[in-house]
Every structure is written in structure tokens, then in C-alpha cells.
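**Q** This is what each chain is made of:
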Amino acid sequence: MKKNGSRKRAPPPSQPPPAKHPSMTQEEEFMDEDVFLDETLLSADEESLILRDIEQRQALATRLSKWTRPPLDADYVVQSRSVVFQQLEIDYVIGESHKELLPNSSGPAAVIRIFGVTKEGHSVCCNVHGFEPYFYVCCPPGMGPDDISRFHQTLEGRMREANRNSNVGKFVRRIEMVQRRSIMYYQQSNSQPFLKIVVALPTMVASCRGILDRGIQLDGLGMKSFLTYESNVLFALRFMIDCNIVGGNWIEVPAGKYNKTARSLSYCQLEFDCLYSELISHPPEGEYSKMAPFRILSFDIECAGRKGHFPEPTHDPVIQIANLVTLQGEDQPLIRNVMTLKSCSPIVGVDVMSFDTEREVLLAWRDFIREVDPDIIIGYNICKFDLPYLIERAANLKIAEFPILGRIRNSRVRVKDTTFSSRQYGTRESKEVTVEGRVQFDLLQVMQRDYKLSSYSLNSVSAHFLSEQKEDVHHSIISDLQNGNAETRRRLAVYCLKDAYLPQRLLDKLMFIYNYVEMARVTGVPISFLLSRGQSIKVLSQLLRKARQKNLVLPNVKQAGSEQGTFEGATVLEARAGFYEKPIATLDFASLYPSIMMAYNLCYCTLVTPEDARKLNIPPESVNRTPSGETFVKSNLQKGILPEILEELLTARKRAKADLKEAKDPLEKAVLDGRQLALKISANSVYGFTGATIGQLPCLEISSSVTSYGRQMIEHTKKLVEDKFTTLNGYEHNAEVIYGDTDSVMVQFGVSAVEEAMNLGREAAEYISGTFTKPIKLEFEKVYYPYLLISKKRYAGLFWTKPDNFDKMDTKGIETVRRDNCLLVKNLVNDCLHKILIDRDIPGAVQYVKTAISDLLMNRMDLSLLVITKGLTKTGDDYEVKAAHVELAERMRKRDAATAPNVGDRVPYVIVKAAKGAKAYERSEDPIYVLENNIPIDPQYYLENQISKPILRIFEPILKNASKELLHGSHTRSISISTPSNSGILKFAKKQLTCIGCKALLSNGHHTLCSHCKGREAELYCKTVAQVSDLEMLFGRLWTQCQECQGSLHQDVLCTSRDCPIFYRRKKAQKDMAEARSQLDRWNF
Amino acid sequence: MGMERVQCSYHSQDEAFKIGKETYRGQQYSQIYFARLHLMRTLLYSIVPHWKPNFPVCTVLGLEEGKECVIVGTLYKHMKLKPCILDEYSKERSVVPLVKPHNFMHPDDHLVLEDESGRVKLSGNPISPSEYVTGNVVALLGKESGTGDFLVLEVLDAGLPPQIEFPIKSREDKYVVLVSGLSVGSSNSNPLQFQLLIDHITGHLGDEKEQSIASQIAHVVFAGNSVEIPRRLLNGQNLASKDLSKMAESIKELDILLSQIAASLPLDIMPGPSDPSNFSLPQQPLHTCLFPGSSAYNTFRSCTNPHCFELDNVRFLGTSGQNIDDLEKYSDAKDKLEFMERTLRWRHVAPTAPNTLGCYPYTDRDPFFIESCPHVYFVGNQDKFETRVLKGSEGQLVRLICVPKFCESGVAVMLNLRDLECYTLSFGTQFSS
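The listed protein sequences derive, respectively, from chains A and B.
Going left to right, the first sequence walks through residues 1 to 1085 as full-length UniProt numbering numbers them.
Going left to right, the second sequence walks through residues 1 to 433 as full-length UniProt numbering numbers them.
Next comes chain A alone, as it looks inside the complex:
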């Protein structure tokens, strides 16, 4: 049925495609954003256009329909069955209030949408009605029930003024007087009157708060400003807290309590309306701790960039999209396909779909998303690149119907720029793409959050976690492959598929689904919050939940900024630097900060203000004075909420660990392990929450007390150890504390056997634990032997947990991962530590360093070890200070714009020799260029700026004259510099053969050796051939490795991954090989 068959195509909708309104979302400021349902929906005209479009693509549709979700059972259809589902995403929209469910309301109202999956794999969209946004203010003394209605009227009036163009009938729905208590400070009274202000829409909470903050004129009371409570709680989170829903748990809606929606708005199989009071939230235990079979889509796109430019959606087409769909809990993907622009040869096990136009590719992908209906969308850098690119590209091609990727029918995806800033993660610019009902899980973001790595390229992350190298095709080659034939596009497709496959592998390998769902369950926030928001919302969610049980409310204190001053951090005991060749026992406090908070009942609600301390007359035995001078009541007067949360977290962790031991099913194990990890992280983040000065509810009295106790404990431990373990007390040696960190103390008991040190360590831990308030506990875990202590927070040692064999080499704060060091430094440091600690061969280590330095000076060092890389984040002009990598990128652009690095690329460079006085940034050079032209590197730079500091740091505790011995010895005397082949003068030089033996110029008639060296022919030949032999071995190993990485034996290696450790080496091997062979050929005359 083509209704509009004869009509001309409707012009593109007048409404601009997804508006990009840049907005600053500071991590710590939570703002609701109301989205009006009809705003995002397409008009009926447009919808029919799309429908027609779908008909046109019938063929594709049948292909896609293979992958739809399992059909609904009859009892679901007739609604005779309760719907039980695991929710993954909760949001809200503004719609008309539901007439049947809420006969007494009218006008716009917030509708909560819960998206989830049943255990049969059906998708669910549950529209929850009747939950209203609200917050509290403290009821001013003297305000009675009558005053409330007048207050209501005044507030309503002010709200109407502030929101003039809103057509909401009633802004403030009602004001109730309730009995609550503020969480702040110890109070003797149990409760006091509060006003609960219920407003019509979630955004009105902020606007109402603003009015009350600034002050409002009240009859009889005058101008009054109010401190608001819980006015910064996101609406969806408010709903979850009030309904006891935690992220990723199971929800049941009993039969008869839900109505199928009249006109389904979503693509979900089960869509219904219900009242919020009818929801049953199941705690994640037993049957309900399992995971539903979510559909996880992993995808990657390829764009054909122009030479010399990073792909831009305004110019460069999307040429391929690879997809992989996996059901949660299964190890094989359900669907593997790739959509290509122009023909592409088939790939085994992969559904290849080729299209003639880009429009078709994009629309095919949209249809694919709709049919497959993924619950979670994953990929690498999809949030910042792939998704926004697709959407902007479609907007550029004027495909208005493309961005309907969410679960809501005809609702466009929204893109906005955000800045995510957090103390812990730093400031990052990002794009936020709202795909309604689907959770986005960008593996790049996860990696950056959860792991400290030297590089976050997919290549190096996969190499690190999966031991899988991936071929890296430079984006300038991508266009060539695209413009080739079906075979070359197939090559590209294989590459694209791998990029879609690796994120899924990472997700599986690192158990992210389990860990994040469990984190959501433990902290109670939706899964999407875990990635898009900082740490504090997790603690806030737990605090709000606990406070609600206790009838407490949280004030919305003005952000204090950093003016409140900082407090003394966790100082450490001074490190007695040295190389310890006797076992060092390490005594650790188990969860020190949480234990301190529990032991001393530190909380918002137990803190006594200085005035109160004087006024309230609390008996001294009922309070604790902390070392930082604060007063907190003990738990017999008031049990703190934070200690209670911590207690629950730690008990739950113990239980999870115990269950983990019992569990047999690997999936159950994964859940439990994820849970115990989430519990541990959560417990540790509570302290940080109280100390975050721009946080939600900072309370420096708590955090400074915690650290002051911590310091005291370390000092106390040191004193006890050194007092008790002495020869006077009958021990063999006097114990000595050589170092103490935040939560551990290193003790040298003087004994030389690991086992004895372990026994003494255990004894000390037990003895000292006895002197602490519970649950603070000192544990003995490990022995370092030998131990190289460089300075505070910098050490290395062999790690022993059992007396017979060490577990590993442990290092902290030593240059092994920093990116702006060249590989040489990392290898040198590692190998030296290895020699010193494991081989116990200090002379060997010294010799090793000397050889390396001599190799460097004699130009024998492998170039790949000298490459330094830095990310190019903006173009040259934007940098204020000249930097080596920026200057180089500029120079490379002049040489060849096509292969020069662009913004966003990492720029590898080496420092080369240049005229005296040249600045370091002028001496940077492209390693490939250096290799090709024999440009001499600057060994002095590497010696002074790269190697010397880290090496001296290691050797100073060991050697007396480390610097003199290592950096200025006889091994630094001879220097050899290669002659550049591109310098001017050499072009005019006539090449004359020299003797291979003694480098003397050869007279005519001699080709290889001078007459003087003739007698040493055999040995000199051996030398030449041995060089060839070594290079051949290297050449073979390097190039077969690349062949292996790219996953094809019959095709040439194209990879240009500069992150790859053998990239330069392989290039060099090729060049050296040719040279060595020509040397060898000189013998065949």
C-alpha cells in the first residue's frame, strides 16, 4: 500500500536534525532534562515515508527478520501472566498523564520508562505512571498548616513567573508537612517538621530550588530563603530509591496490574502501563541474581577518509559497518555481519550485505538495529566516534529517517557535546548520544576508567589483555582498499569485523557485564550512570537509600569549591632508601579507611559541631575526639549511617566471597566475583565522597579525621613493632620499620629466612591488631625479599606469600609504563631490576647498563627502542609552547600531507643530531625517515634526558658512585655516528670501495680486501656472513609474525601500527638485510 505513491517526496523535515546544543555537564552537578515525548517524534507524514521505505527494502527485511527475538507466548499476549524482567535502563519522558490509571490528574506528567529483558529473551518497555518529583525544605518555625497553603500559592506564583512559556497547569502540585531529620550533625531530637514540595515535572525541582535558595517573600515571615534537601537527586534515581529498585535487578509486574498500551510507542515486544506502586522489585539474590539473555551488539564503522585528513562526516562516506550480536552468557555470537558500500566478496561465517549507495548502507544498519533490538551496544570509541559519525553523516546526506536507533518508535537519537570532568578521571570532552532504551558501553571509556595503560589504542589494549595483535590499517590506505575491487573491500571488511569482534572479546575476558551489573546492583544506580558519571553518584545513591530508611534527609549544600581548604593527606613514614637483602615483612591494614570510619563511628549524623559540643553536654565517654580535633558521638548515642553502609558492604563482600568458594556454575561464579569486587570498590569510595570538596555532600571533618587516624595508626604500629621486637625482649634482632605507606608498614625483622620473617610478621600483626578498636585489623600478607627502596612510593622487590618460592616481581612508581619514555628505558629498568632482584647479580646489572649505554653511543641500538610517542591533540598553532611532536607533524605535512599525522593520532619520533644549540623540539624526526636516510640519532639526548634519571634512581641505593660509574665510565668514551645519506655534500662524493677488514681505500683490482688483510680472508668472511645470518633470522621472525597478525598468509602485510613493538624493527630489518647482502656479494668476484 503506497499511500503517497503519486505525491512528490516530502521535503526534508523543517525541524533541524538532532540539535547539538553544547551543554556543560559537570560531573558533580546532576540535572534532569525533561524530554517531551512528542518533540522527538516524527510527524505522521514522515512516518509514512519511512514505512514506504521499509517496503522498498523488503528483501533486506526478510534477511533481517531471521534475527528477531523469540515470539511471545499466548499468556503474555492475553496478559494473564506476570511480567518479570531484568531492567537495564530507566529514563523518563514527559507525556500526558494516564487517564485510566490516574483518573484524578491531568496535564503533562513525567512517565518513567523501564527497559529490560525477560528470562525468555523478550524485550520489555514498562511505562510507570504516578511517580512525582519532589524535594524537601526545612519547615520554618511557626509555620502551621494554614501558612502552608499560602506558601504554596506564593511559590506557584513565582514558578509561573520563572517559567512563563510553559503551559503546565499547576507547577507545584502540593506541599505536605512531614517529620524528617537532617543528616547533618548529631542531634538529640528525633525529628522536626519538613515540607515536602511535590512539583509537576522533574526540571521544576531545580527551578523551584533556585527560587527558594534566593529567597521568597512570605506573609508574616518576611523574606526567607530556604536550604533545600534532596533537590539534586535525578528523577530516575529518585524513583529507583523510593521503589527499592537497584541497577540491573529484576522487576515483577503482577498480572492484572498492567495494561497493554493503547498505541505502542516502542519497538519492544511487551509494552505496558502501570502504576509505580504496583511494581515489585526483587533483591538480586538466588534466582534473581541471574542475568537475562540480553542482546549485546558490538559494531565498528569504516570511513573513507581523504588523503591527509582524518575522516569528517561532512565529507567522508561511511563505507562499512561490521556487527556482532551475542546473547549474554553465550560464548559464540548469534549474528556476524558486515554492511558494505559497493560489492564485497563473501567471508566465511559472516553475512556480507553490499549496497550501491551510502544511504542504503545507513538505512540497512538502522533496520538491523531495529530488528535485532540490542539491549547493550558496545564498541571501541563508539560514543565519541562511531555513533556521532553515523548520525552526523546521515544528517549531511539528509537522511532524516536514519537516526531512529532507540527503542521508541520514530524517536530520533539526540547528540550533544558534553564535558565530563571528575577529580579522578580528569576532564574529557565527549559526545553524548542518547539511544533510548539501549545501554551504551564504550570499551574505550571503560579501559580509560578501569586500567592504567601506556596506550589505549584497541591494538595495544587487545595485545595487553587478549595477547592478540591486530592489524592496523592506516586510514589513508582504507580509501585505496575501498576503491579497489570486491576482494580489497573484503580485506577491509575482515579488518572491520575484527574491530567489532575485539570489544566483545574484551568484554568477555574482563567480565565487564558481570562486574558492571553487580556494581549497579550494589550501588543502586542504573548501569548507564556507571560510565557516564563519576564516583560520587554511587555513594550518594547508597547514602540516600540508607537515609530514607532512617527518616533522614540530605541537604543540598552549596558547592563549596576548593576554598574550604585542603587537609593533610595520608602522609607516609619516611622511606629509608636502600637495597635490603634481608626479608622485609609487610603489615597491611585491611580496608583501612572503611575500618576507621566504622571503628570510630564517623558520619555526618554523628559529627558534633563545636557549639553543640559545648551546648549539648554530652558525656565525654560517649564521644571520640579524633586526632584532627573533631568530635563524633559513639554508636550508643547515634549509630552513623556511613559506618552502617560500610558494614553492610563489607559483610556482603564476605558473604559473596564465601559463596564464591561454594559456587560451581561458572556463570554464578562470575556474578559473585563481580559482586565482591564491586563491594570492595564501593566501600573504598565512601571516604573519597566525604572528601570531594566539589562533591555532593563534602564533609572534611570526616575525611580529615579518617586520614589523621590513619596516620596515627601507622605511627602506632611502627612504635609497637620497634618496642616489642627487640633483643631485650628475647628476639634475635631488633626490628626496624623502614617504610610506611598509606595502609602498610614495612618491617625488617633482621632475620634472613623468609619463613622466619613470615612467622614474625604474623605474630606482629596479631599482637598489634589486639590494640586497635574493632574492626581495624592489621594483617600480614607478604614478604619482600630482596627489596629495593628508592624513595617514598617508589620501590621494587620480589613478592613472597609462601616460604618456598616467590610469586612475582612487584614494582611501584618505577618507569615501566610511562608512555613518554622510549622502550629502551622500560626494558633497561626491567632488565636491571630482574638482574638485581632475581639473579642477585649487581655487577651483571651494572655491566648490562654499561653495555646498553655503549651500544647507544656506538649507534648499535635498535631504533624502535628509541621511539617516543605523544598524542597530537590539536594543531600546531593551538599549542602555546613548541613541542617536539607538534613540530614534527608540521614538518611531515610539508613532506607528504597524505601520511602525516593528524589531530588525534599519536606521533612517534626520535631525537636526532642537529646543529649546536638547536632546541629539542627542532630535533625530533620521523623514525621511518631516520631509517631511510641514515640520520644519526642523538645518543647524548637519550643518555641525559631518558636513561640517566630512572637508572640512577635504581642504582643510587646500591652503588656508591652510581652516576660516575654508570654514566661517565670508560664505556662512554667511544662514539660512532652514522653518516646521513641525504646530506648535501655526500651527493657529490665519489664512492670508493674500502677494505672490509681495515677500511683502507682499495686500489684498482681489489674488490674485497686490501693486500694486507688478504691473509685474514676466512675470518673476515665469517664475520660478514654471520651478520647476514643474524639479520636473516630476525627478518624471518619479524615478517612471519606480521603475516600471522594480519591473519592471512597469502596477502601482503599492510599494517602500519606504530604502536606495535616490531614496526620499526621490521622496516629496519628489511633495509639492513639488503645492505648486508650487498656486503656479502662483494666476496663473490
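Hints listed in this document are in silico derivations from the structure and should not be mistaken for laboratory results.
Heads up, a few of these hints could be off.
Here are the simulated DSSO-like pairs of lysine-lysine, each with C-alpha atoms no more than 27 Å apart in a straight line [said to hold, decoys possible]:
{"no.": "1", "chain 1": "B", "residue 1": "67", "chain 2": "A", "residue 2": "66"}
{"no.": "2", "chain 1": "A", "residue 1": "1014", "chain 2": "B", "residue 2": "174"}
{"no.": "3", "chain 1": "B", "residue 1": "52", "chain 2": "A", "residue 2": "808"}
{"no.": "4", "chain 1": "A", "residue 1": "582", "chain 2": "A", "residue 2": "724"}
{"no.": "5", "chain 1": "B", "residue 1": "82", "chain 2": "A", "residue 2": "835"}
{"no.": "6", "chain 1": "A", "residue 1": "66", "chain 2": "B", "residue 2": "143"}
{"no.": "7", "chain 1": "A", "residue 1": "669", "chain 2": "B", "residue 2": "80"}
{"no.": "8", "chain 1": "A", "residue 1": "1067", "chain 2": "B", "residue 2": "67"}
{"no.": "9", "chain 1": "A", "residue 1": "894", "chain 2": "A", "residue 2": "808"}
{"no.": "10", "chain 1": "A", "residue 1": "431", "chain 2": "A", "residue 2": "452"}
{"no.": "11", "chain 1": "B", "residue 1": "252", "chain 2": "A", "residue 2": "808"}
{"no.": "12", "chain 1": "A", "residue 1": "1071", "chain 2": "B", "residue 2": "18"}
{"no.": "13", "chain 1": "A", "residue 1": "894", "chain 2": "A", "residue 2": "1014"}
{"no.": "14", "chain 1": "B", "residue 1": "252", "chain 2": "A", "residue 2": "498"}
{"no.": "15", "chain 1": "A", "residue 1": "664", "chain 2": "A", "residue 2": "119"}
{"no.": "16", "chain 1": "A", "residue 1": "509", "chain 2": "B", "residue 2": "82"}
{"no.": "17", "chain 1": "B", "residue 1": "82", "chain 2": "A", "residue 2": "498"}
{"no.": "18", "chain 1": "B", "residue 1": "143", "chain 2": "A", "residue 2": "1071"}
{"no.": "19", "chain 1": "B", "residue 1": "329", "chain 2": "B", "residue 2": "80"}
{"no.": "20", "chain 1": "B", "residue 1": "209", "chain 2": "A", "residue 2": "1014"}
{"no.": "21", "chain 1": "B", "residue 1": "52", "chain 2": "A", "residue 2": "498"}
{"no.": "22", "chain 1": "A", "residue 1": "1067", "chain 2": "B", "residue 2": "384"}
{"no.": "23", "chain 1": "A", "residue 1": "509", "chain 2": "B", "residue 2": "80"}
Here's a subset of chain B near chain A, in silico, CB distances under 7 Å, partners left out [unchecked claim]:
{"no.": "24", "residue": "23"}
{"no.": "25", "residue": "30"}
{"no.": "26", "residue": "116"}
{"no.": "27", "residue": "206"}
{"no.": "28", "residue": "289"}
{"no.": "29", "residue": "358"}
{"no.": "30", "residue": "362"}
{"no.": "31", "residue": "364"}
Where is the CB? At the ideal position from N, CA and C, for every residue including glycine.
Here the structure of chain A is known, so what remains is to put chain B in place on it, guided by the hints.
**A** Structure of chain B alone, referenced to chain A:
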């Protein structure tokens, strides 16, 4: 006492293994795989119609789920334990010292079949990952299973190549002596042992009977590792002239010993992994400047490794052992002879080259392809002497010989050209009880 030494006609077939003017110009290894696949596929395609007349022949791309067909391609073995050069660079240095396993196989290893169009994972019992290695080209009968694997039902190797006819039996006994692993200059080489061997071959030893046997020796082959160059000394470091001349001394010693043989009968010397030759296969002949004494004789021939030649129309193929040693690291067999047999059936001397065995990056050919079946196939530098006659389906007969390391065993192998029987000559000077 004039005893005449027997003579043989000799034809070298080493031309294919000479690298000559070919150089490294940035070519990669894909070309040799491609050349090999092309060569082998033409061959296999000619056999397939006899092997499975009723099944279609597909490419990896043309596979359809459930449809039984024959495909031909290069095998790639995914090996968990295979040492990887990347690890030497990027991985944290392992604390536990790396023990060099002699075999890198693991139960999780699996095979993948690849042609120019794509690759597919193989499953099914008929094809065992422990038997095949990366680089084999085979034909497979099977079908694509639902999971995208190719379920193998039957495997076809190329089989033994055709053989030139064995020369009509003469009544005369003529012997070829095969020696390997002299390792002159190494700590366990024993000069006396070697001198005894020379004296035996040249007829300076024993009574008349023994001398008459010696006179029937027509040819000697040194199958690699004749000297030992301390490779450690060579790794890029500048050598002290003292070390250099020490190294040259063992070569001089070898030259003196070889010239004693060359004075009385023809000898072939092949390079091996420890000789002063290049590393990659095919190893090029040892330079004559190393042998100023013996190379003066026209009986002295410096050859390639692999080495291929004909003596009185009996065809020999031999290597200094690298091909078989490498197979032993990456696959499994009951003995070394079985590995040798497999290389013949695969028609390829060194299937693991270039993957794990160094090899020159050929661009247009694969010299390791065995076109014609040898009558004698020997491999040097093995742990012990082993031999067997292999019979081919078309009547081919091949004498397989593992030549032991002489410096360790004191054993050389005597092969009778008349009937290809062989036995050992033992010059051990130390006997353990």
C-alpha cells in the same frame, strides 16, 4: 698394491637452491605462500577428480552450509605456545626463566585452511593438528557446519612425487659415505675420530680387505655443521681479533682434513646451522675462500642446503637437518623417519618455512617443492642413525636416512649405490659400558 678407486657420474641439481642475484627489495613472505599454493593446487586439482569424482571443488569463499565439497588451501596452525617475537619486546619480562621446550604443541591448537579468498577453521577427526604444520597445502573433503567451521571428512596429501627409474642394477658395489656434524672446533669434537674416518675413506687403514672396501667408496657427503662457529661471539658485537683468529683456526683445521679426502675422492660439503653460511634456507654454498687448501682440488664441491644431486643416475636429496628439526618442534610423529616421509608425501622439503624456519622471501617460486622423488633422502645432524625404505603407491622406492652427528656418535653412514642398502661405520673412541 694398486687398488683402483671406483668412479661415479655426478650431476648437481642445486641450481634451484642458488640465490644468486636475488636480493631483498622489500618483498614479503606472502609471495612464496602464494607460489606454493598455486603450484600445489594445480597438482592437487589434477588428483582430486580421481580421489572424489562426485564432489564439487570449492574455494573457501564458495562454501555453503551443509554442502559437501572439496577445498584446497594452505594450512595455518594456530598454536598457543608458539614463541612470539612480540613478547620479547612488549611483555613484562617473565620472572620464571623461560625453559625452552623442545616442542610447542598444545591440546588447544587448531588448524585453519586458507586460500587467496579467505580462511576457515577446521574441525573433525581426520585432520589432526598434531600432524600438520603451517604451510602445508592439502585438499580436504568436508562441509561447512553451522558455526562457520569446516568439518573435515577426509584429507588428501599430494603424495609421493613421480620417480625417475632406478638405474639397472650393476654387479658392482659402490659406496657413498654420509657424514654430518663434524663440529670441528667445538668442545666435543674429537680430532682423532675424524682422522680415523679420513684414513678409512682414503684407504690408509686396515688390511687389504678393508682397503678394498675403501676403494669402493665413490663419494663423500658432509651434511652440515662441519665446523662450529661460536655464534654467541658474533651477535652484532665487535670481535676482538683474538676471537676472530680462534674461529678461523677451526676452519683451517677443517680445510686440512678435507684436503686429505679431496686428494683421493670427490666430496660434497653442505652448510648447516653452525657453519659460516647464511641462516635462511636455502643455505648457500660455503665460500671457497674458507678452504684455500681443499678447494684447489676439483673433487671438492661446496653445495647448497638442501642439496640435490645424482650419482650414476641415483637421485639424492638431503638437508642438514633444519627442516626435520623444525617439524619436530611444531608437530608430532613416532620417529624422525616419519617426519621425513611426511615431507615427501607433502612434496615439500621444508613446509614450515617461512613460518618458523628461516627462508629467503622468494617472489615467484617455491624451490622447496619436490618435483621428482629422490631415491635417497637423507637428513643430517640427527640424534641417532635411523633408516627405512619407503614405498610409494606408484612403485617409488626411497631410502630414508637420518645421519647422526658425527662428533657425538662417531658414526658415518655407508650407502651402497647398487641396492641402496646402508650400514654404519663407527669410529667411536670412547665406549660406555
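**Q** Mind listing which of the numbered hints don't hold for this structure, in increasing order?
**A** Of the numbered hints given earlier, those the structure breaks are 2, 3, 8, 9, 11, 13, 14, 18, 20, 21, 22, 27, 30 and 31, listed in rising order.
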